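Enquirer: Listed below, chain by chain, are the residues.
Protein chains: 2
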Amino acid sequence: MADHVAVPGKKVLTMDTMNQNVKKVEYAVRGPIVQRAAQIEVELQQGVKKPFTEVIRANIGDCHAMGQKPITFFRQVLAVCLYPDLLDDNRFPEDVKSRAQRILQACSGGSLGSYSSSQGIELVRQDVARFIERRDRGIRSDPENIYLTTGASDGIVTMLKMLISGEGSSRTGVMISIPQYPLYSAALAELGAVQINYYLDEEACWSLDIGELKRALTQARKHCAPRVLCIINPGNPTGQVQSRQCIEDVIRFAAEENLFLMADEVYQDNVYADGCEFHSFKKVLFEMGPEYSSRVELASFHSTSKCYMGECGFRGGYMEVLNLDPEVKVQLTKLVSVRLCPPVTGQALMDLVVNPPEPHEPSYQTFVKERTHTLAELAKKASMTQQILNQVPGIRCNPVQGAMYTFPRIHIPPKAVSAAQENGQAPDMFYCIKLLEEMGICLVPGSGFGQKDGTYHFRMTILPPSHKLEVVLEKIKEFHLRFTQQYS
Amino acid sequence: MADHVAVPGKKVLTMDTMNQNVKKVEYAVRGPIVQRAAQIEVELQQGVKKPFTEVIRANIGDCHAMGQKPITFFRQVLAVCLYPDLLDDNRFPEDVKSRAQRILQACSGGSLGSYSSSQGIELVRQDVARFIERRDRGIRSDPENIYLTTGASDGIVTMLKMLISGEGSSRTGVMISIPQYPLYSAALAELGAVQINYYLDEEACWSLDIGELKRALTQARKHCAPRVLCIINPGNPTGQVQSRQCIEDVIRFAAEENLFLMADEVYQDNVYADGCEFHSFKKVLFEMGPEYSSRVELASFHSTSKCYMGECGFRGGYMEVLNLDPEVKVQLTKLVSVRLCPPVTGQALMDLVVNPPEPHEPSYQTFVKERTHTLAELAKKASMTQQILNQVPGIRCNPVQGAMYTFPRIHIPPKAVSAAQENGQAPDMFYCIKLLEEMGICLVPGSGFGQKDGTYHFRMTILPPSHKLEVVLEKIKEFHLRFTQQYS
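The listed protein sequences correspond, in order, to chains V and G.
For what it's worth, this note's numbering labels the leading residue of the first sequence as 10, then goes sequentially.
For what it's worth, this note's numbering labels the leading residue of the second sequence as 10, then goes sequentially.
Worth flagging that the hints you see were computed from the coordinates, not collected in a lab.
Heads up, some of the hints might be wrong.
One copy or any two copies: either way a pair holds, since identical chains are not told apart in the list.
Claimed, not checked - Listed next, the in silico DSS-like pairs over lysine-lysine satisfying Cα-Cα at most 30 Å (straight line):
(1) 59 with 477
(2) 231 with 20
(3) 223 with 20
(4) 486 with 59
A quick note: this is a predicted structure, and the numbers were derived from the prediction, not measured.
Kindly generate the complete structure, drawing on both the sequences and the hints.
Expert: Here it is, written out as structure tokens:
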């Protein structure tokens with residue numbers, strides 16, 4: 010035992026002994042710049058003088074935090090589910106009550122406080138399947154292929170966990186877009202997978218080019234076993250909406266190259282640009298015929314956090330799996346059972362999202378009015394964002410066709426690049442930190458999402474209320490001009 | 010590229026290509042027997058004749074599913090939080106409204122639909138810290154050491170993820186009790202850690218013996234690097250409550266052997282036996298003086314799912330970390346930020362659990378009445394369970410001092426053991442399957458939790474309502490006698 014004697018005072022868990030994969034994890038959306046924003050807020054409260062009076066957080070797609078209002082019907086049903094005595098309250102319309110009763114009847118013991126089955130409440134999975142069928146114009150969806158999740162992130166990480174195996178050159182490689190949503194790179198780092206970058210084409214409105222997919226795949230095959238292709242559509246952080254043709258090409262590519270497809274479709278209602286339309290990977294896959302629909306393995310993801318509802322706090326979501334090996338499916342179900350079940354309030358909310366009021370029901374008009382208003386506001390803000398930013402010399406942004414973000418390219422003068430390097434910072438981190446300190450605006454540097462070498466960007470949400478968003482954009486303009494002048 | 014050509018028709022994700030660690034995961038609480046129970050329920054609905062009319066599920070600690078009622082105050086506050094228009098509803102007492110307002114003010118944008126900070130809402134963490142201080146008689150708790158979690162399971166897996174590293178003989182070994190709650194073995198399998206079993210002493214009411222810890226540790230050091238010691242107190246599945254002395258001995262052992270302590274204390278209010286009392290590891294650690302309290306690394310876990318509230322569906326919980334290396338703590342916070350935040354409804358509920366109505370508030374009396382009733386019922390059922398089971402020749406059960414389970418030892422005749430082996434089943438699985446098919450009672454075989462070789466057990470919850478629990482126990486008695494006779 011002598012060689013195992015404890016060293017008194019030495020900790021068990023240190024930077025040296027900890028899981029080294031965790032050390033490699035990065036998640037810029039909540040990274041150092043956001044922590045500094047929180048500090049500045051405390052300083053403002055303590056009366057520290059700043060050139061601004063509040064920090065505006067445009068770093069994360071957190072709708073309600075930016076003032077977006079919840080959908081009344083959803084919240085009414087959830088309130089009744091939580092406290093069923095409200096069933097006799099006259100303030101609630103009949104459809105709210107009947108919907109609440111329907112959900113409660115599907116919960117063990119009639120309570121949201123019970124565990125659900127690990128895959129999620131059966132009724133909710135049935136409603137999700139019917140929603141997918143309506144959305145995809147009749148293409149069949151099987152509730153047995155639906156897994157409710159703790160937000161889309163949970164589903165994505167779970168599927169990646171299933172897929173990552175092998176060592177050395179047979180280690181699973183996962184293709185992700187650059188720029189990407191950093192959940193992907195973080196999960197791959199944690200799971201020790203090989204990240205394979207394919208670059209979106211900024212010059213062509215962040216579109217996806219099959220030639221680039223091929224290039225990335227061919228190169229990756231020299232050192233790992235590429236097995237998975239991840240797509241985010243509509244795009245985060247880039248806001249593009251993929252054409253039907255592009256999706257078809259991607260599916261054909263995946264089929265030819267034997268890749269498992271993961272389609273992150275959490276922004277499926279967030280499409281603003283004329284001529285753009287959301288097509289689900291599932292629908293296109295089936296429209297391509299049985300050669301594809303009977304074979305290509307696909308997992309697609311949705312969430313209660315985005316679209317018009319923006320209910321991030323509930324951590325609701327689902328994934329639909331297709332063509333999964335039946336034995337593997339048993340393993341997947343077993344894996345999710347260890348965490349017991351996704352939050353039942355999130356499952357109940359997911360049910361309402363996929364099964365909103367119908368035209369003959371009393372809550373319908375208010376529901377449609379609220380949904381239309383929120384989506385129209387977002388469309389207006391998407392357009393305002395690209396318009397104002399494109400007026401600034403040195404900033405160029407693609408149209409925000411969908412999702413909730415712009416990812417403009419910013420020109421950073423060589424002197425500023427040098428100054429950043431002296432600080433040991435990425436140039437766009439240097440830029441964003443200054444923007445935060447001088448203007449109180451919290452954005453995320455492009456380096457947190459990945460970008461072509463020598464290009465710089467930031468991600469900004471379009472979520473602040475219109476009047477505030479305009480101020481933000483004008484402040485960015487003012488800052489950018491000053492910054493450029495300072496470093497020329 | 011020739012060696013990478015896809016094999017048409019072959020799936021990407023198969024039993025051979027999938028994550029091999031996931032294959033090793035087992036979670037008996039929701040294993041094959043529970044799936045069979047669900048099938049039987051469907052068969053009953055379809056009119057298939059059975060020797061029973063309903064399946065009684067005593068396999069999982071799912072309180073509300075078994076008819077336990079939620080705490081009115083908790084549900085009222087949550088309903089108002091979800092639908093703040095209810096603030097003007099006269100049915101709600103003032104303390105409900107003020108509590109809801111307090112929680113909403115702590116949420117970004119005043120909505121439960123916003124993300125919280127990744128560590129959890131600051132106000133809730135403050136309330137948790139104050140709760141711990143009251144519980145532990147004034148020992149200080151720092152809100153910065155509190156992490157809100159998605160149920161206790163999430164916290165436990167997160168800490169294990171941090172702790173598991175190294176390869177071969179330097180791979181992290183984690184000591185867990187046998188019998189154990191299978192979340193532990195499942196998480197260790199998934200993370201590829203080395204599981205180190207230490208056996209609880211069934212003859213001494215499932216107590217923990219330091220000699221046995223030493224034996225297990227010494228043996229494990231020959232092939233791995235033991236770094237973590239996990240304790241469940243009150244015990245799951247074994248229902249024992251550890252004495253203060255035992256906890257002190259465990260802490261001393263961990264300090265001497267340089268082990269990171271993980272204390273699963275989700276049943277802290279579930280203590281029924283005379284002379285038993287819950288002592289938190291944190292409190293005992295501080296009472297042992299600065300030599301220990303300034304050095305031993307501890308993570309302890311709590312949940313909204315158990316105790317008197319039993320709100321499993323909300324997936325609420327917290328962990329408190331102590332003496333964590335500050336750099337490691339930064340890594341932990343980064344890791345949890347990737348999943349954005351725990352469900353905010355679960356966080357709000359956790360806040361109410363740690364901060365229930367006070368004596369001068371209008372909801373106090375009802376709250377105390379409901380809590381007392383639930384705990385008294387559980388105590389009554391704990392006692393009834395051990396009493397009836399111990400009447401059966403061939404079943405012997407320790408007192409259910411705490412938690413929600415009994416783990417009786419069952420005598421399985423050699424002929425039944427042979428019959429099970431012929432079926433390729435563990436003898437206690439064979440027993441439980443027969444019990445399910447013949448009596449409609451769903452329990453979990455002891456083999457799913459671990460037990461000494463040649464001994465057999467099952468885990469049963471004490472959660473069914475008294476009159477039903479009595480039926481369950483009588484049916485087990487009847488079944489056991491018949492089974493024993495059949496196989497003698």
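Enquirer: Compare the structure with each hint and give your call.
Expert: Now for the hints, and whether the structure bears them out:
1. 59 with 477: Result: close within a single copy only, 19 Å intra versus 66 Å inter.
2. 231 with 20: Between copies, since 21 Å is at most 30 Å while 41 Å is not.
3. 223 with 20: between (48 Å within a copy, 20 Å between copies)
4. 486 with 59: within (19 Å within a copy, 75 Å between copies)
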